[in-house]
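Trainee: Sequence:
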Amino acid sequence: MPPSPTGPRPRKRAALDREAILTAATELAASGSALTFRALGSALGADPTAIYRRFRDKEELMAALLDGLIAASLAAVDRDAPWRDQLRGGALHTIDIFASHPQIGVQAAAISTGGPGELAVIDWILEQLGRAGLDKPQVVRCYAAYSSYVLAAAATLSQQQLDEAAGVPPTSWVGDLRAVDAARHPALAAVLPELLVLTGREVFLAGIDVLLDSFEALAGQPARH
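For the working numbering, add 185 to where a residue sits in the sequence shown, where the first one is 1.
Derived from the structure by calculation, the hints contain no laboratory data. Incorrect hints may have been included.
[Unchecked claim] DEER-style ranges, computed between Cβ atoms:
(1) Ser285 to Asp394: 56 to 64 Å
(2) Asp366 to Arg203: 19 to 27 Å
(3) Asp320 to Arg203: 20 to 28 Å
(4) Ser333 to Gly274: 35 to 43 Å
(5) Ala364 to Val325: 42 to 50 Å
(6) Pro301 to Asp270: 19 to 27 Å
(7) Gly217 to His370: 37 to 45 Å
(8) Pro371 to Asp394: 21 to 29 Å
(9) Val376 to Gln344: 19 to 27 Å
(10) Thr208 to Ala364: 24 to 32 Å
Ideal placement from N, C-alpha and C gives every residue a C-beta, glycine not left out.
My request is simple: use the sequences and hints to build the entire structure.
Mentor: Here it is, written out as structure tokens:
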């Protein structure tokens with residue numbers, strides 16, 4: 186017997202919106218699962234092709250995801266703190282949040298999102314550098330140095346997370362220098378043990394502190410150690 190036309194009809198799936206896709210993709214990246222349209226469609230209970238109605242391609246999706254991580258990094262900053270503490274904290278939040286979503290974070294140095302998260306962070310960095318007492322040309326140069334360093338380091342540390350997850354044996358940030366000839370390279374040999382034990386995060390922090398010291402020096406303030 187044919188079904189009654191007045192009987193219950195199959196319920197249509199709700200249309201996917203960008204926010205639902207971005208939330209699911211961010212969670213997928215954090216879990217360590219492969220961030221593919223097929224996996225994302227499965228997580229959303231939808232056909233992967235439905236994602237293309239909201240995002241032109243994976244590059245557009247990754248840019249939006251990256252912009253979300255950038256916004257999350259800024260949201261974690263204490264906006265009442267002194268300018269130096271804000272910039273240091275923002276840098277740390279960036280590498281930690283990106284490294285916890287390495288499939289997204291690895292894109293940090295390659296993609297400029299142009300989204301609200303990125304624009305807000307640029308404005309915030311410029312504001313803090315102005316608070317430091319730098320003039321406009323100094324603000325521009327220091328912004329370029331700070332942002333390029335943080336994004337490059339975040340991408341590098343994210344790649345290390347991906348390599349580790351793939352079973353790639355970890356290496357020192359300076360490579361394999363165990364066979365250094367002390368007679369030929371005495372300065373290197375003298376500090377080699379200390380260099381080899383530094384973690385990637387410690388190297389990043391050292392670089393940030395050097396940058397911030399230089400910003401203070403430019404502004405005529407004594408560098409803090």
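Trainee: It remains to establish, for every hint, whether it holds in the given structure.
Mentor: We went through each hint and held it up to the structure:
1. Ser285 to Asp394: 56 to 64 Å: violated, 23 Å
2. Asp366 to Arg203: 19 to 27 Å: Given range 19 to 27 Å: violated, Cβ gap about 57 Å.
3. Asp320 to Arg203: 20 to 28 Å: violated, 40 Å
4. Ser333 to Gly274: 35 to 43 Å: violated, 19 Å
5. Ala364 to Val325: 42 to 50 Å: holds, 44 Å
6. Pro301 to Asp270: 19 to 27 Å: Holds, since Pro301 and Asp270 (Cβ atoms, about 24 Å apart) stay within the stated range.
7. Gly217 to His370: 37 to 45 Å: 40 Å Cβ-Cβ, so the 37 to 45 Å window holds.
8. Pro371 to Asp394: 21 to 29 Å: holds, 27 Å
9. Val376 to Gln344: 19 to 27 Å: holds, 26 Å
10. Thr208 to Ala364: 24 to 32 Å: Roughly 49 Å apart at Cβ, these two residues miss the hinted range, so it is violated.
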